[in-house]
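Asker: In case you want the letters, here they are:
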Amino acid sequence: MMGTGGLSLDQAPPIDIPARFFLTAPLFAIAAGLLLAWQGPTLLVSRWMPGALAATHLIAIGYLGLIMCGALLQMLPVVAGAAVPAVRLVGTATHLLLTVGAAGLAWGLAGSGPTLIRVGAGAAALGFLVFVIPVGIALVRARGAPGTLLALRTAALALAVTVALGLLLVAVLQGWIRVAEHTRWVDTHAAWGLMGWVGLLVVGVAVQVLPMFYVTPTYPAPMRRWFAPAVLVGVGAASAAWIMGADLVGQAVFGTIALGFIGFAFITLRLISLRERPRLDPTLLHWWAAMLSLCGAALAWTFAAPPTLIGVLLLVGVGVGLPAGMLFKILPFLTWFHLQHRQLGSGRFDLRIPHMGSLLSTRWARVQFGLHLLALALLAGSLWVPVLARPAGIALALSSLVLLLLLIGVARTYRRFAALLRPAPSRAGPQT
Amino acid sequence: MTDSIATFMTDDHQRCDQLLAACEQAVSGGDWKRLAEQATVFSKALIGHFDMEEQVLFPELVAISPWASGPTGMMTMEHGQMRALVEELNEAVDEQDADACLGILETLHLVIQQHNSKEEGILYPMAEESLGDQTTKILNRLQAG
Chain P
1 MMGTGGLSLD QAPPIDIPAR FFLTAPLFAI AAGLLLAWQG PTLLVSRWMP
51 GALAATHLIA IGYLGLIMCG ALLQMLPVVA GAAVPAVRLV GTATHLLLTV
101 GAAGLAWGLA GSGPTLIRVG AGAAALGFLV FVIPVGIALV RARGAPGTLL
151 ALRTAALALA VTVALGLLLV AVLQGWIRVA EHTRWVDTHA AWGLMGWVGL
201 LVVGVAVQVL PMFYVTPTYP APMRRWFAPA VLVGVGAASA AWIMGADLVG
251 QAVFGTIALG FIGFAFITLR LISLRERPRL DPTLLHWWAA MLSLCGAALA
301 WTFAAPPTLI GVLLLVGVGV GLPAGMLFKI LPFLTWFHLQ HRQLGSGRFD
351 LRIPHMGSLL STRWARVQFG LHLLALALLA GSLWVPVLAR PAGIALALSS
401 LVLLLLLIGV ARTYRRFAAL LRPAPSRAGP QT
Chain C
1 MTDSIATFMT DDHQRCDQLL AACEQAVSGG DWKRLAEQAT VFSKALIGHF
51 DMEEQVLFPE LVAISPWASG PTGMMTMEHG QMRALVEELN EAVDEQDADA
101 CLGILETLHL VIQQHNSKEE GILYPMAEES LGDQTTKILN RLQAG
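Residue numbers (UniProt numbering), protein chains in the order written: chain P, 1 to 432; chain C, 1 to 145.
Think of the hints as simulated: they come from the structure by calculation, not from any bench. Some clues are possibly wrong.
As the list claims (entries may be wrong) - With the Cβ distance kept under 7 Å, some of the chain C side facing chain P (calculated, not the full set):
1) T2
2) D3
3) A21
4) A98
5) I104
6) E106
7) T107
8) H115
9) I138
From the three backbone atoms N, C-alpha and C, an ideal C-beta is built for every residue, glycine too.
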């Protein structure tokens, strides 16, 4: 028996749930940019600098974490026909806890001490926990889109491991437990976060949206079926080897995973070049830049470049750029979609709902991409020419500010039209 | 010629995707005469597809499986949204407003994609299962339309 649940439009959460995640996230990227502009080159001396640790978590939890969670709450019911239980409560709690957690943890790591680290990490971990349990339930129930689902399931698992390892590190920092060579545990935490959670989400999203957005051929079946589980098993094996001190094995497996991601990036660029929609829109520009950053990071790792370069390419090149590009499409589309439904409820067919092009200016989105590219180039350059660090921070803050202003513009238009499209009393009943 | 309703309808979706892409190409090329022609071809193909579903496929399906009227009603409502966007597109083409054309085509493209994925993933397989023995008759009617 085939279910018809996926046809229901009512499963999508209210728009304010994903929107609050999307509108808060850029603030954290702005904060990371301003932190760099303030501290200058010292922040980038090594990945152990307090400023670098703070900026990393501002981006990883505050920016990426918020956007990913908001997008998943929105996307799961639509892609997989699986509603997230108690979505309003889950969304509100996750958003609040992650926001407080990212700010607290970053502040603590920047040098304000163990109490803030403890509170921030606790809040962030609780936020992810509140998120991962109901989303896990929805993912288990979900049907359809097997390639995407597999990647999303493995990514959720990787997030859980990343958070657990993060909490372990907090316990070490607080002196509650001891581990031999805690830097190896930090490496493992970063590997699960970057390769597992971020990497597999990028894969899951790419497999689902690139063919849909740009009418490209689909990803090769073996890649859809095997890539995500292979990465998960690989990261697990490599981390175990790394922690036990089997350096060669650990590096060989991590290297193989890096090669796999290079392969993924090349296939993605190839599929993009075969697309039927000719437009080179800002979202596609961000995909290009992110895939090249991914290749760059894998190459940098292979040639033992400074870890800060790998971090910059993955966190800013992929982690800051790609979600911005996706938001250029997601928020305007959601807005149009929800306004359409309000229009049906209100019967105000004399009003014309603004199309996506008038909700978010493509020209300004291109400016945002330009600033992002500038920030990325300056950041990478500053590892060799330290004087570039402050301008890099300013460029990062500016590009994220433009993103924020564009998103605020969409939200304002939504409010304006939503007010005009109040449900008419006689027609307010649910549609069948 | 295919003997599967799902394949026939899915192929028609792909034809519409290609025609929409051709409209975008024409906007980028700045050739308004060509765009006007492309937009007409595209509108005809898309509206023709909706008509096939609303006049042939959905009624046949509902006649056999009355509980399908919910999902087909939902699809018909989404057709209405897309018909309105097609109308908007034709106006923007007449006004030679390139930004509006691109914005409307973008919106239309995403609406079509999420709509098609529901039809291809759920509705067409359901129709094939329910309408098995009438496939040839229905395919003939679809092709005639």
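Asker: None of the hints should be skipped; say for each whether it holds.
Answerer: For each hint, the structure was consulted:
Hint status for T2 (chain C): violated, given a least beta-carbon distance of 20 Å to chain P, over 7 Å. Taking 7 Å as the C-beta cut-off, the interface hint given for D3 (chain C) is violated, the closest approach to chain P being about 21 Å. A distance limit of 7 Å between C-beta atoms decides the matter here; for A21 (chain C) the minimum to chain P is near 5 Å, and the interface restraint holds. Restraint check, A98 (chain C) versus chain P: the minimum CB separation of about 10 Å is more than 7 Å; hint violated.
A distance limit of 7 Å between C-beta atoms decides the matter here; for I104 (chain C) the minimum to chain P is near 5 Å, and the interface restraint holds. For the restraint placing E106 (chain C) at the interface with chain P, the shortest Cβ-Cβ distance is roughly 5 Å, inside the 7 Å limit, so the hint holds. Contact between T107 (chain C) and chain P, as hinted, is supported at the beta carbon level, the nearest pair being about 4 Å apart and thus within 7 Å. Given hint, H115 (chain C) at the interface with chain P, is violated; its Cβ is 10 Å from that chain's nearest Cβ, farther than 7 Å.
Because the smallest distance between the Cβ of I138 (chain C) and any Cβ of chain P comes to about 18 Å, over 7 Å, the interface hint for this residue is violated.
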